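A.B. asks: Spelled out from the first residue to the last, the chains are:
There are 2 protein chains.
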Amino acid sequence: MENPIGIFDSGVGGLTVLKAIKKLLPMEQLIYLGDTARVPYGNKSKETIVRYSIENTNFLMQFNIKMLVIACNTSTAMGIEILRNMFQIPIIGVIEPGAKRAVEVTKNKRIGVIGTVATIKSKAYQNIIKSYERKAVIFAKPCPLFVPLVEEGLVKGPVAEAVVKMYLEGFKLKNIDTLVLGCTHYPLLKNTIQKFFDRKIQIVDSAEETAKIVKGVLEEKKLANVLKNENDMFFVTDAAERFLKVGKEIMKGALKEVRIAQVGK
Amino acid sequence: MENPIGIFDSGVGGLTVLKAIKKLLPMEQLIYLGDTARVPYGNKSKETIVRYSIENTNFLMQFNIKMLVIACNTSTAMGIEILRNMFQIPIIGVIEPGAKRAVEVTKNKRIGVIGTVATIKSKAYQNIIKSYERKAVIFAKPCPLFVPLVEEGLVKGPVAEAVVKMYLEGFKLKNIDTLVLGCTHYPLLKNTIQKFFDRKIQIVDSAEETAKIVKGVLEEKKLANVLKNENDMFFVTDAAERFLKVGKEIMKGALKEVRIAQVGK
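Chains as they are written, first to last, in this note's numbering: chain L, 15 to 279; chain U, 15 to 279.
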C-alpha cells in the first residue's frame with residue numbers, strides 16, 4: 015500500500031522520530047508537519063493542545079496517510095485517545111514505546127522521567143510504566159527550558175549544563191538507573207545529560223522504540239510499501255529559520271526543502 | 015471619554031507596560047490580552063506575527079477601546095504601521111519611547127539594544143535611535159532564551175546568570191553606557207543584568223516611557239477619563255498557569271481574575 019505515513023510535532027524535535035522510522039523503513043514515504051507557528055506546546059492547556067493536534071491531523075489527512083505518528087509527547091499525552099476516536103487510521107504515539115523500553119532496561123526498577131509540564135502532569139508515562147511493572151518507583155520532573163534550548167541549538171556548553179544541573183540534580187540522590195527522555199526534543203541534549211550523570215544511567219528515548227512499533231503495525235495490517243517512495247515532504251506552519259538550522263543538524267543531508275502549511279484556518 | 019484602553023502582548027511581559035500606565039493614569043480602564051496560546055512571537059516570521067497582531071487587535075476592538083497599546087516589541091517592530099492603517103484609533107508601540115529615552119540618557123553615544131530575533135532583525139530600534147542621534151553607535155543582539163526564562167519565572171540564580179553572560183559578554187568590550195531592553199519581558203531580568211555589568215550601565219526599559227506617551231496622547235486628543243473606572247480586565251488565549259504565576263509577581267495584588275479569550279477563529 016503506497017500511501018504515505020503522516021508525522022507531526024510541535025516543532026523540530028519530531029524529526030528524531032522521523033529519522034528513526036526512515037532508517038527502519040526506507041521504503042515508506044513520510045510526510046512531516048512541524049507546528050512552528052504555535053511551538054511550544056508543553057506549557058499550554060489540554061484544550062489548546064488537543065485543538066492544535068486535531069488541526070495538524072486534518073492537514074495530514076489531505077495526503078491520504080495510511081498511518082499517523084504523533085511524534086510529540088505532549089500531544090500524545092493529551093490527545094491520542096481523542097484522535098483515535100476521530101480518525102479511522104492506525105495512530106501511534108511516542109509514550110507507550112518509551113515507557114515499555116524503560117521497563118525492559120531498568121535493573122533496580124528506579125526510573126526517572128522528564129518531559130514538558132503538560133506531559134508530566136498528565137501522568138501518562140507514570141501510568142504506563144506502572145502497568146508494565148507494578149514495582150517500578152518513578153521520579154518525574156518537568157523540564158520546560160529544554161525545548162527552547164534545543165530549538166535555539168544550545169545543546170551543549172555552559173548554559174545547557176547549568177539548565178541540566180538545575181532540573182536533574184535531584185535525580186542523583188534518587189539512585190535511578192534509567193532516565194526516559196519524554197519529549198522528542200530531548201535526545202539532542204543526550205550527551206550533556208549523559209555527561210552530567212557520568213554515564214552511569216541508561217537513557218531511553220522514544221524514537222527508535224516508536225519506529226519498531228510503526229514497523230510492527232505496518233506489517234501486521236499489511237500496509238507496508240513494496241516499492242520505494244522517496245518523496246518525503248516537510249511542512250511547517252511558520253517559516254522559522256531555526257527549523258531549518260536545527261532540522262539540518264538532525265537530518266544531515268536529508269532535509270532540503272521545507273514548505274509552509276496552512277493549518278487550522 | 016470613558017472607553018477603555020486596549021493593551022496586548024504575546025504573553026505576560028506586557029503587564030510591565032500595563033503597570034506603568036496604571037501608575038501614571040489611575041483613572042483609566044485597561045483591558046489586557048496576553049496571547050499565551052501562541053507565545054512566543056519573537057522567533058516567528060513577520061507574516062505570522064502580523065496576523066496574530068491583527069487578530070489580537072480585533073479582539074480588543076470589541077470593547078470599543080479608544081486607544082491601543084502594543085505592549086510587545088516584536089509586534090510593534092513587525093506590525094505597527096499595518097495596524098495603524100487598518101484601525102482608526104491612536105496606536106502606541108513600545109519601541110519609539112525606549113529608543114528616545116536611550117538617546118536622552120547616553121553620554122558616550124554607545125548604546126546596546128537587546129530583543130527577540132524578530133525585533134533585532136527588523137532594525138526598528140537601530141533606525142529610530144539613529145533618527146534621534148545620528149552619531150549613535152549601536153550594538154544590537156537577539157537574546158531568544160530570555161523570554162522562556164521569564165515565562166518560567168527564572169529571573170535570577172545560576173541559570174539566569176549563565177544565559178545573561180552568554181548573550182551580553184560581548185557588550186562589555188564595546189564600552190556601552192546604555193542598554194535598551196527591547197522586549198517587555200526583559201525588565202524582569204533587570205537585576206541580574208545590572209549585576210552582570212556591576213551596575214556600570216544605564217538600563218532603559220520602555221514601560222515607563224510608553225506610559226508617558228500614552229498620557230500625552232490621551233491629553234492631546236482629549237480622550238482621558240474624568241471619572242475613575244477600575245474595571246480592568248485581563249484575558250489570555252490559553253489557560254497558562256504560568257501567566258498567573260508570573261503575572262502576580264509583576265502585578266502584586268492587582269491581578270485576580272483572568273478570562274479566556276477566543277482570538278483568531
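Just so you know, these hints were derived from the structure itself, not from any lab.
Be aware that a few hints might be false.
Which copy is meant is left open, so a pair is good if it fits within one copy or across any two.
With a straight-line Cα cutoff of 30 Å, these simulated DSSO-like cross-link-like pairs (lysine-lysine) come out [what the hints assert, rightly or not]:
hint, residue 1, residue 2
1, K170, K149
2, K144, K270
3, K60, K121
4, K179, K209
5, K270, K135
6, K236, K149
7, K259, K33
8, K259, K235
9, K262, K188
10, K236, K226
11, K259, K236
12, K204, K262
13, K262, K123
14, K123, K270
15, K155, K214
16, K236, K179
17, K236, K121
18, K186, K236
19, K270, K60
20, K236, K188
21, K137, K259
22, K262, K137
23, K123, K242
24, K204, K236
25, K259, K186
26, K135, K170
Here the structure is a predicted model, which means the values were calculated and not measured.
A.B. asks: Give a verdict on every hint.
C.D. replies: Hints and how they fare:
no. : hint          : result
1   : K170 <-> K149 : neither (35 Å within a copy, 39 Å between copies)
2   : K144 <-> K270 : neither (42 Å within a copy, 39 Å between copies)
3   : K60 <-> K121  : neither (34 Å within a copy, 51 Å between copies)
4   : K179 <-> K209 : both (11 Å within a copy, 22 Å between copies)
5   : K270 <-> K135 : between (36 Å within a copy, 24 Å between copies)
6   : K236 <-> K149 : neither (37 Å within a copy, 71 Å between copies)
7   : K259 <-> K33  : within (16 Å within a copy, 38 Å between copies)
8   : K259 <-> K235 : neither (37 Å within a copy, 48 Å between copies)
9   : K262 <-> K188 : neither (37 Å within a copy, 33 Å between copies)
10  : K236 <-> K226 : within (15 Å within a copy, 69 Å between copies)
11  : K259 <-> K236 : neither (37 Å within a copy, 50 Å between copies)
12  : K204 <-> K262 : within (18 Å within a copy, 35 Å between copies)
13  : K262 <-> K123 : neither (37 Å within a copy, 40 Å between copies)
14  : K123 <-> K270 : neither (43 Å within a copy, 44 Å between copies)
15  : K155 <-> K214 : within (19 Å within a copy, 39 Å between copies)
16  : K236 <-> K179 : neither (46 Å within a copy, 55 Å between copies)
17  : K236 <-> K121 : neither (36 Å within a copy, 74 Å between copies)
18  : K186 <-> K236 : neither (45 Å within a copy, 63 Å between copies)
19  : K270 <-> K60  : between (33 Å within a copy, 22 Å between copies)
20  : K236 <-> K188 : neither (45 Å within a copy, 65 Å between copies)
21  : K137 <-> K259 : between (33 Å within a copy, 22 Å between copies)
22  : K262 <-> K137 : between (33 Å within a copy, 27 Å between copies)
23  : K123 <-> K242 : neither (42 Å within a copy, 63 Å between copies)
24  : K204 <-> K236 : neither (35 Å within a copy, 60 Å between copies)
25  : K259 <-> K186 : between (33 Å within a copy, 28 Å between copies)
26  : K135 <-> K170 : both (27 Å within a copy, 25 Å between copies)
The earlier numbered hints that this structure contradicts are 1, 2, 3, 6, 8, 9, 11, 13, 14, 16, 17, 18, 20, 23, 24.
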